[in-house]
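Asks: If you read the sequences in order, they're chains A and B.
Start counting the first sequence at 1; every next residue gets the next number (the numbering used here).
Start counting the second sequence at 1; every next residue gets the next number (the numbering used here).
In short, the hints are calculated from the structure, not lab data.
Watch out, some of these pointers could steer you wrong.
Pairwise CB distance ranges (calculated) [to be verified]:
hint : chain 1 : residue 1 : chain 2 : residue 2 : range
1    : B       : Val322    : A       : Leu229    : 53 to 63 Å
2    : B       : Pro305    : A       : Pro50     : 31 to 41 Å
3    : A       : Thr128    : B       : Leu299    : 43 to 53 Å
4    : A       : Ala123    : B       : Gly190    : 39 to 49 Å
5    : B       : Gly190    : A       : Phe321    : 25 to 35 Å
6    : B       : Ser229    : A       : Gly151    : 40 to 50 Å
7    : A       : Ala123    : B       : Arg116    : 53 to 63 Å
8    : B       : Ser229    : A       : Pro101    : 30 to 40 Å
9    : A       : Pro218    : B       : Asp224    : 52 to 62 Å
10   : B       : Ile236    : A       : Leu27     : 51 to 61 Å
Taking beta-carbon pairs under 8 Å as the criterion, some of the chain B residues facing chain A (in silico) [what the hints assert, rightly or not]:
hint : residue
11   : Ala37
12   : Leu172
13   : Asn173
14   : Val243
15   : Ala313
16   : Arg328
Footprint (simulated), chain A over chain B, 3 or more residues, beta carbon under 8 Å [as the list claims (entries may be wrong)]:
hint : segment
17   : 226-234
18   : 284-290
The beta carbon of each residue, even a glycine, is placed where N, CA and C say it ideally should be.
If you want the building blocks of each chain, they are given just below.
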Amino acid sequence: MTTHYLFRSTSEALALAVHRQTFKRCLVLLGLTLGLLLLYLCLGSTRIPPMDVIATLISPDTSEHRFVIQTLRLPRGLLALLVGAGLGVSGALLQQLVRNPLASPDIIGISDGAALGAVLFLAWLAGTVSLTWLPPVAIASAAITATVIYGLAWTPGSTTAVAPIRLVLVGIALAAALKAVATLVLVMSPLSTTVQAYIWLTGTVYGAQWQDVTRLLPWTLTLIPVAMLAARALTLLGMNDEQSRGLGLAVGRYRLLLLACSVGLAGSAVAFAGGMAFVGLMAPHLARRYTGQTSTGLILGAGLTGACLVLMADLLGRVAFLPQDLPAGIFVSGVGAPFFIYLLYRRRS
Amino acid sequence: MLSTLPVKALGLTLCLALLLATTLASIALGQTAMSFATVINALFNYDASQIEHIIVRANRLNRAVLAALVGSSLAIAGTLMQAMTRNGLASPSLLGINAGALFFVALAFTFLSLTRLQDYIYIAFFGAAIAGLLVYSLGMTGSASRSPVSIVLAGAAITALFLAFTQGLLILNRESLEGILYWLGGSVAGKPLSSVVPFLPFYGIAIVGTALLVRQINLMMLDDDVARSLGQRVVITRLALGVVIVLLAGGAVALAGMIGFIGLIIPHLARGLFGRDHRWVLPSAAMLGASLLLGADTLSRFIVPPQEVPVGALTALVGTPVFIAIARKRSPTL
Chain A
1 MTTHYLFRST SEALALAVHR QTFKRCLVLL GLTLGLLLLY LCLGSTRIPP MDVIATLISP
61 DTSEHRFVIQ TLRLPRGLLA LLVGAGLGVS GALLQQLVRN PLASPDIIGI SDGAALGAVL
121 FLAWLAGTVS LTWLPPVAIA SAAITATVIY GLAWTPGSTT AVAPIRLVLV GIALAAALKA
181 VATLVLVMSP LSTTVQAYIW LTGTVYGAQW QDVTRLLPWT LTLIPVAMLA ARALTLLGMN
241 DEQSRGLGLA VGRYRLLLLA CSVGLAGSAV AFAGGMAFVG LMAPHLARRY TGQTSTGLIL
301 GAGLTGACLV LMADLLGRVA FLPQDLPAGI FVSGVGAPFF IYLLYRRRS
Chain B
1 MLSTLPVKAL GLTLCLALLL ATTLASIALG QTAMSFATVI NALFNYDASQ IEHIIVRANR
61 LNRAVLAALV GSSLAIAGTL MQAMTRNGLA SPSLLGINAG ALFFVALAFT FLSLTRLQDY
121 IYIAFFGAAI AGLLVYSLGM TGSASRSPVS IVLAGAAITA LFLAFTQGLL ILNRESLEGI
181 LYWLGGSVAG KPLSSVVPFL PFYGIAIVGT ALLVRQINLM MLDDDVARSL GQRVVITRLA
241 LGVVIVLLAG GAVALAGMIG FIGLIIPHLA RGLFGRDHRW VLPSAAMLGA SLLLGADTLS
301 RFIVPPQEVP VGALTALVGT PVFIAIARKR SPTL
């Protein structure tokens, strides 16, 4: 009995091995995500029964709930889903690449770099330049930040090139500096509502529109499949460089490709939802327990788990403190920070 | 490094001169620049009919006093923390003590209707103590104590936790956010001189405590076992130092909000000048810390006039390169 489903192109340039059990578990996770999305669409200041929601989704024109579902909840839910998936996959790639379970785009400063880029853009260019440019700007600033972190953590002459611990330390320092600059920009900028910008920095998908979804979608839909196709390299990159080179991997090229995917996913997610901290840390850890036998499973699982996390957090933010609508970022951090502490505690003993 | 006694004494005198110079600059410079003669007159020869004198007495002087107190508190707290953990990356802002104090102050601000500033100071002490205990137990006990990085990671986690809670509180209570956001950035502006009075007794206790503990601190820089064999009660010293750190860091947060990196940079500077003898390091750190915050606060008035930049953002910008330089060294232990 085979334990894997194999997909190979004829030249074997592309190959995908999906562990059977992982595949089934991913399906379960997908079902869970969709169920959560349905719940997300049902609950809110007006409650809509599930059957009505499904009816509205199938034939929107005849439904009385069209506005609530089509205009308000669905784009917001989908954006939460995409953001969560992006951050989850980004964190999974990063943890594997720097071989450190504590790495995640928000802890080592990549998210803060993206957020700073986005804040600068929103504060000074949003009036004159189309918002379509927001994700590229955020991704570019995330990439610059990642390069700077990598460069600063570099030790010339050492075989491992970058010591993971130093990468994390430099990242923490840079994250603090970038946060400071973002605060500076917020206080100084012509943004009329500092409060709104601040809420955005906390991480929120409030007021999401279809445009946001369609602007983020292309990035998620290209970068996650690319990461999936490079997943077999990810397994090897998790070992040490000599081993993976010995197994015939172009280490440098694949590391760069996967790092670019990770940075791109984090940057584009931050561009639309602000600093949603800890998703990139938590999702891969949870996924590793459930679907982490293979890299493909890890990526899929982390993406789905991330999507569930953000969706749940936003649902809580919308429903728990009615009529207040709280940013999802608060709930994500409220769970994520204790989780981080738990990870540290476990490493301790 | 300064080695002989006269040179060290000269160094300390220069630190004092720097402190005086930055204090004077902080009072004299700003939107309304004034001559030093005017400043001296306003301080010692007050004339209520002159606008410049009023500015000095009502605005600049408070700021300078507050900046000096907060700067020196943070610098002493940082020096003590680095000595206690033997870790060059320890400081009140990085290890989450500031964030803990901030969260509890914000909590009290939202749910209790406290009016007296003292109450906020007590609450900040409480928050600083909670965060300090959490970080210490996560990062300094068990096998984690061997790695200097683990306490920094624990600090980052605790900071993130308390900042997230604070953000939640502030967003729940939006009316107060605009005002508090500035405070979150750290600021010594716009407080009356009387606001520092409740903090003074604690500052005094902390300074006296530090002075009494100086010899123990020097021994703490060695191994625990060595300190013990030299007759030190390590646990009691640690506890006493912990109390002093909480008083200084918590008080600084209650007065001026989140001002980072002073407690990180200044100890390195002071040790670089005066070596490992804390009889010299601590007083110089206090003066240099006060000077740094006074200087940064003065600078913050000139970056985008007429607006003022939160001074905490400035100190973070200065502090990050220093942090990275320390982190890049092979080992951040002292």
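Asks: Next, verify each hint and record whether it holds.
Replies: Now the hints, each set against the structure:
Look at Val322(B) against Leu229(A): about 42 Å separates their beta carbons, and that is not inside 53 to 63 Å. Checked against the given bound of 31 to 41 Å, the beta carbons of Pro305(B) and Pro50(A), roughly 58 Å apart, lie outside it. For the pair Thr128(A) and Leu299(B), the beta carbons lie near 31 Å from each other, so the given range of 43 to 53 Å is not met. A C-beta distance of roughly 24 Å is found between Ala123(A) and Gly190(B), which places it outside the suggested range of 39 to 49 Å.
Separation of Gly190(B) from Phe321(A) is about 32 Å and conforms to the stated range, judged on CB atoms against 25 to 35 Å. Against the hinted window of 40 to 50 Å, the Cβ-Cβ separation of Ser229(B) and Gly151(A) comes to about 45 Å, which satisfies the hint. Taken as a hint, the range 53 to 63 Å is violated for the pair Ala123(A) and Arg116(B), whose Cβ atoms sit roughly 38 Å apart. For Ser229(B) and Pro101(A), the hinted distance range of 30 to 40 Å is satisfied, since their beta carbons lie about 39 Å from each other.
As the Cβ distance of Pro218(A) to Asp224(B) is approximately 58 Å, the hint placing it in 52 to 62 Å holds. Take Ile236(B) and Leu27(A): their Cβ atoms lie about 60 Å apart, and the range 51 to 61 Å holds. With 8 Å as the threshold, the beta carbon of Ala37(B) stays out of range of chain A, its nearest partner Cβ sitting at about 34 Å, so the hint is violated. At a threshold of 8 Å, the smallest CB-CB gap from Leu172(B) to chain A is about 7 Å, leaving the interface hint in force.
For Asn173(B), the interface hint is violated, since its Cβ never comes within 8 Å of a Cβ in chain A; the closest pair sits about 10 Å apart. A cut of 8 Å between beta carbons decides the hint on Val243(B): the least distance to chain A is about 24 Å, and the hint is violated. Because the beta carbon of Ala313(B) sits about 4 Å from the nearest beta carbon in chain A, less than 8 Å, this interface hint is met. Against a cut-off of 8 Å between C-beta atoms, the interface hint on Arg328(B) holds, since the closest Cβ of chain A lies about 7 Å away.
Note: the segment 226-234 of chain B has 0 residues with beta-carbon separation from chain A under 8 Å; the three-residue rule is not met and the coverage is violated. Coverage of the segment 284-290 of chain B by chain A is violated [criterion: at least 3 residues with CB-CB distance below 8 Å; count 0].
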